[in-house]
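Chemist: Below, each chain spelled out in residue letters.
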Amino acid sequence: MRKFVFAALIVGCAFLAFPGRDAPAAISLEKCTLCHGKPEFRKLLVNGAIRDVFVTQDSLKGSVHEKKVCTDCHFDVSEIPHRVQPKRVTCTHCHFKGNKEGAPQSDNVLAYFESVHGKAIAAGNSKAPLCQDCHGDHQIFKVKNPESKVSKFKVAETCGRCHMEIYAKYKTSIHGVAVGKGIPEAPSCTGCHGEHRIYAHTDPKSTVYSTSVSAQCSKCHASVVIMSKFGIEAEQVATYNESFHGVASKFGSRTVANCSSCHGVHDIRPPEDPLSTVNPKNIPATCGKCHPGATANFAVGKIHVDSKKKESGIIYWTATFFKYLTIGTMLALIVHIFLDMYGRTRRLRGEQ
Amino acid sequence: MPEKDRKETGTETVREEVEAAVAENLPELPPEQAEALKEKIRRRVQAEMEKELRVRAAEGRKEAARIAREERLKEKQEEKGETFLRFNRNFRFQHMVLFSSVILLVITGMPLKFPNFILSRFFINFWGGIGNSTVVHRIGAGMLIYFMVHHFVYTVLTRDGRRDFLLMLPGLQDARDIVQNIRHFLGKTPEKPHFGRFSYIEKFDYWAVYWGCVIMIGSGLFLWFETDVMRFLPKYAVDMAHEMHSDEALLATLAIVIWHFYNVHFNPDRFPGTLLWWHGQLTEHEMKEEHPREYEEIMARRAKESPEGAER
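Going down the list, the sequences are from chains U and G. For the first sequence, our numbering begins at 1459 and goes up steadily by one. For the second sequence, our numbering begins at 4 and goes up steadily by one.
Source of the hints: derived by calculation from the structure; they are not laboratory data. Treat the hints with caution; some may be incorrect.
To be verified - Below are the BS3-like pairs computed for lysine-lysine, each with C-alpha atoms no more than 25 Å apart in a straight line:
no. : chain 1 : residue 1 : chain 2 : residue 2
1   : U       : K1519     : U       : K1629
2   : G       : K116      : U       : K1760
3   : G       : K116      : U       : K1781
4   : U       : K1747     : U       : K1767
5   : U       : K1767     : G       : K116
6   : G       : K206      : U       : K1781
7   : G       : K116      : U       : K1766
All values reported here derive from a predicted model rather than from experimental measurement.
Use the sequences and the hints to build the structure in full.
Modeler: Here's what the structure looks like:
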């Protein structure tokens, strides 16, 4: 708080001293680029790595912070050369709900601190990402801008900087390929995992928790509008929900199969792909994860079978037989019961 | 008053015994101290004896109440007339196993067919979640399979079982009974059909359970041992078993809840149900009313066996 008051005082003094905002900005940039503007200006880190600290006047150009100056974010820099190493930038300095800086008002910062990344930071993991690790440092753009590091078609690459193996799997999966082709409906990382509210898949709050993941897939896969574009059946969701797997998952079983148990997680591929976990050749192995000793017979017959459709063959006919058997029997029994009650009423009234 | 006498003599002996004991063990005690000690012991023994007497009296009261109850029951039975044993102990046991297993199976199985029904979650969570409820379902299935085996052995090996099975077979008489019963309901004929030991209503119940058991156990085993079944059969066979299991479950539950419950519970003659399943007895009146042909047959057989006894 004291720091903040101090910073506010400095900013206030600056306003008092200079009539316009552009003048100190220009001065600030000039001062910083005096050293940082030299391409060979680098810093050798303790571990031998070299950190590039090259910044020019164009570094912020085009970004959402175009009008900001260096010390707006690097507000702990007060002397040149810096006696104390400047700290990492804290975006929450401006990005909180109710801020006066005109920064977007949202709870995303709070959501981030609850997320798996925010908790890792709080636990002291220096490798966990801060805001700038995903959103970029100087070149921050709005999500809708295709240049943004968190835009639809770039976010997977951004996540992949840390999650490399997963990125490699995802890139060759059907979703990754579709995103690569520029299909906007296909999900990138954030499509399934969420944006700021990313939780570990073992956390019940997670959108990809074992009992929630099928609902997450259903968001697109139950939609006839989206699925018809790609020739995928939308009733896979309904048939799953009616199957024992779907019902047990609904009742909270964490071990029963959900979508990703069979179709894979990041490596989802179309069933025609020989690498797909649901390719008929791989079905014994896939089903065998839970049903030890599964044979090739597991692939004989439709998996997402709908007994109400004629294409289901013998299953449809079984269902139809039982439907009419039940209706017929119940009709006969209920008619008999009502006749019995009618007769009793007659006799009670004294009619014969 | 023999009880009071016993008490008096009891206290007398106790006083003497206490005095003797104190005198023997503590001969040189000052007299007033000895007297206090004796009094203390006497009081404790007295309390102990009174307690014993109270317990005995309670037992006596219970015994008397039991005898009175039995006498009342006997009188009541005499009013009702003779009772006939309709279901023997073995058959009653089979019925109890059957209904316990069916209740377990329905409350753990139906939520899977209707997961959105408001009570489904309750019935699953009642057992501690889906993992446990599937185990309970298999326990119910085990009981149903046991019932089926038991009933099969009963039908083959016991005389009652063989007789009942033959009487259960549907015949032309049942068709005639259905027609007559419906005519009776509609008031076309005052005569109720003369049912034998098993009316067509009961026969339907019996054969519905037979059919249901075969379908449910057969398809249920397919689903229970799906991996072993699919070693020999394709997946659509298991899907078919799943469909049969699900549909026949609904049919069986409806048949029990609508047909069986109407005939044995909600029917005004029986409401809210009789204890026939517990004691297996029918009164003479019920026998004449519901199974007149069987009653006549029993009477005819008795007349043949001992002509003078039939007059009773």
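Chemist: Each hint: holds or not?
Modeler: Results of checking the hints against the structure:
| no. | hint | in the structure |
| --- | --- | --- |
| 1 | U:K1519 with U:K1629 | 31 Å, violated |
| 2 | G:K116 with U:K1760 | 20 Å, holds |
| 3 | G:K116 with U:K1781 | 15 Å, holds |
| 4 | U:K1747 with U:K1767 | 30 Å, violated |
| 5 | U:K1767 with G:K116 | 18 Å, holds |
| 6 | G:K206 with U:K1781 | 23 Å, holds |
| 7 | G:K116 with U:K1766 | 15 Å, holds |
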